[in-house]
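One letter stands for each residue in the lines below.
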Amino acid sequence: MVNINRLVLVLLVVAVASAILLAEINTITAPKIQASQTAYKLKAVQKVLPPYDNQPAADRQVIPVTGGGPAEAKVELDEELGKEGVVVYPAYQAGKLVGEAYSVISHQGFSGDIEILLGVSPAGRVTGVEIIAHAETPGLGAKIVSEASWKGKAQVVGRSLSESLVVKKDGGEIDAIAGATISPRAVCGAVKAGLEVYNQAFKDKVPAASPAAPIPTAAAPQGAHS
Amino acid sequence: MKLSAVLTQGLWKENPTLRMMLGMCPVLAVSTSATNAIGMGVATLAVLVASNFTIALVKDAIPAQVRIPAYVLMIASLVTAVDMAMAAWFFELHQTLGLFIPLIVVNCIILGRAEGFAAKNTAFASIVDGLGMGLGFTLSITTLGCCRELLGNGSIFGIPLLGDAFKPMLLMVLPPGAFLMLGLLAATMRRVDMALEARARTVAEGRRQRALDLATGGAPIPMPPGFE
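Protein sequence lines correspond, in order, to chains A and B.
Residue 1 is where the first sequence starts when you use the working numbering, and the numbers rise one by one after that.
Residue 1 is where the second sequence starts when you use the working numbering, and the numbers rise one by one after that.
Next up, chain B with everything else stripped away, as it sits in the complex:
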């Protein structure tokens, strides 16, 4: 597979959140506001790139029978490292996200990509895959966070947008709102895909028709007997 395809498949076609429905626990819990969502997204991205890289490097040295415990150990160490680094350099963000960082360990996207991609590909391709999947995760969780914050609080990134007349739809920042909005987003994504497919079909149909017209000089194609 080409590297550009590896990078982009995580963004749309194999979007970890809205397509593969992986790592739902942080997605649902942290997407109450855009700021929290993007913080969680970037932390996951960092862990994903680092874990994909490390695992692709050591994959040949690790026997298949113990690969899962070995991967989990490595991922857990990386998450703890990110947790400590965040507490040291981004203390304020860590104050709000602190509770959710250790949860990255059990985010299935990480182990899923380790097993599904890094264990079979080169270190460089694995970094690219981690970037693509991490960006896809960050974009979808941030979109979810923006939608929920806008409807449930009238703001995005803490900036009030809808004015005082807007009555916040509190449900959206409560847990059920996470499921509702996630479903709406996944459905919207599917609808866009269907529209794209339909357009591609129309274009192909038109092209075939034009080719036929050229071949027959615009005259109707004579049907063999018995097909009228």
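Chain A extracted, bound-state conformation:
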């Protein structure tokens, strides 16, 4: 006769021990993961923006927009600023606005959403594109992440809405990837949607002149612009 109580007890002990272990590891790793994610995003912000002398993260603005469609600007809750909307990282050079960076999500990836960080100049031209998150096929659609494996990533830079932002296969001017047209097409769609959002909602929302005196360190008081 099997002692049911013992079986239940053993499973309970294993489950509780697992839960405690995971909670402990989560406490240790969560801040590091958060920091890595922020650092990763800021590195991308630096890549997509033209040269600047301010701190885009400290000067960031949260602009409410209405999303929707196959590709849309990413709406998120900025906990520090306590606002919900698209987080825009502005770049100022000598006090003058030279570009803005923000996330755009395409729902037309091959497997799941593709999040890109788009840099746009005040004239509405692309200053840079970085892929932030995706789940495309490794070795195939995943080639969108680097210019070395997808020429189109550099080709969209400098373009505005009046120029072609469509892959060659669909009659446009942007190179696709052999065997994986869907992923470059989704990125192009996201760039286009991002520029549209810029023209509709972002233009003139971000101060054209540097809003604050030069901020000496990253530890400057957050929320100064809220």
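Honestly, I wouldn't trust all of these hints.
To be verified - In silico DSS-like links for lysine-lysine, alpha-carbon gap of 27 Å or less:
#1 B:Lys59 - A:Lys168
#2 A:Lys41 - A:Lys83
#3 B:Lys167 - A:Lys169
#4 A:Lys43 - A:Lys83
#5 A:Lys43 - A:Lys32
#6 A:Lys205 - A:Lys47
#7 A:Lys151 - B:Lys167
#8 A:Lys41 - A:Lys151
#9 A:Lys83 - A:Lys205
Stated by the list, open to error - Which bits of chain B does chain A cover? Going by a derived footprint, with three or more residues having C-beta under 8 Å, they are:
#10 76-88
#11 167-178
Claimed, not checked - Calculated Cβ distances over 12 Å to all of chain A for the following chain B residues:
#12 Thr32
#13 Val66
#14 Leu131
#15 Leu135
#16 Val192
Calculated from the structure, these hints are not laboratory results.
This one's a predicted model, so the numbers in the text were calculated from it and none came from an experiment.
The beta-carbon is built from N, C-alpha and C at its ideal position, and this holds for glycine as well.
Given chain A's structure and the hints, the job is docking chain B onto it.
Okay, now just chain B, sitting in the frame of chain A:
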């Protein structure tokens, strides 16, 4: 069994991927490039060693009736721990492999070794077994990744090797390529084994012949009547 034998059986004789055909899901899905393959291999190795060790430690306390759910719980916790640790310390690698790490939970190699080895052996032997099996898995998935990346993309570990004249065989980085290459590798391994066996037979044959020659002084062995 000797520890050295425990360590090496996973590399060749009982190679989890190419011999036992276990854990095919990550092998086929992640071997599109050498970098991804080795990342997956090392993550699996870490989980395998940790799970073998933990299970060998607690095996006596766990009643046979609930051992599978208990093992699965422990393995799932370890995989989640590895997932979080990778996100914290190897963020870039986690960005590309992130999707596949949770899949290690359902990799049959892990539960297979827990049941087949760790539940019957000491903690130390189980660590050695986890190392051997994990290395065997890493080596075979990385070989597969190198072959597929070379044929399908003209590069290994992202370094272009075949020049611009090479036209990539795209099929190899697509799912069917995984099956084709896996079959070719398993067949090659079998062929090497057959060649080794044949050589061992020839050597043994020669040795017996020489022993016979010595015994009979080189003269033909006289056959009993009726056998001519």
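Hint check results:
1. B:Lys59 - A:Lys168: violated, 60 Å
2. A:Lys41 - A:Lys83: holds, 19 Å
3. B:Lys167 - A:Lys169: Cα-Cα ~20 Å, so holds.
4. A:Lys43 - A:Lys83: holds, 23 Å
5. A:Lys43 - A:Lys32: Roughly 16 Å separates the two Cα atoms, so the pair holds.
6. A:Lys205 - A:Lys47: Holds - the C-alpha atoms of Lys47 of chain A and Lys205 of chain A are around 23 Å apart, at most 27 Å.
7. A:Lys151 - B:Lys167: Measuring from Cα to Cα gives roughly 17 Å; hence the hint holds.
8. A:Lys41 - A:Lys151: Holds. Lys41 of chain A to Lys151 of chain A sits at ~22 Å (cutoff 27 Å).
9. A:Lys83 - A:Lys205: Status holds; Cα separation ~15 Å.
10. 76-88: The restraint on the segment 76-88 of chain B holds, since 8 of its residues have a Cβ under 8 Å from chain A and three suffice.
11. 167-178: holds (count 4)
12. Thr32: violated, 3 Å
13. Val66: violated, 5 Å
14. Leu131: holds, 22 Å
15. Leu135: Fine: 22 Å to the nearest Cβ keeps Leu135 of chain B off the interface.
16. Val192: Val192 of chain B is indeed farther than 12 Å from all Cβ atoms of chain A, at 28 Å.
Checked against the numbered hints given earlier, this structure breaks hints 1, 12, 13; the rest are met.
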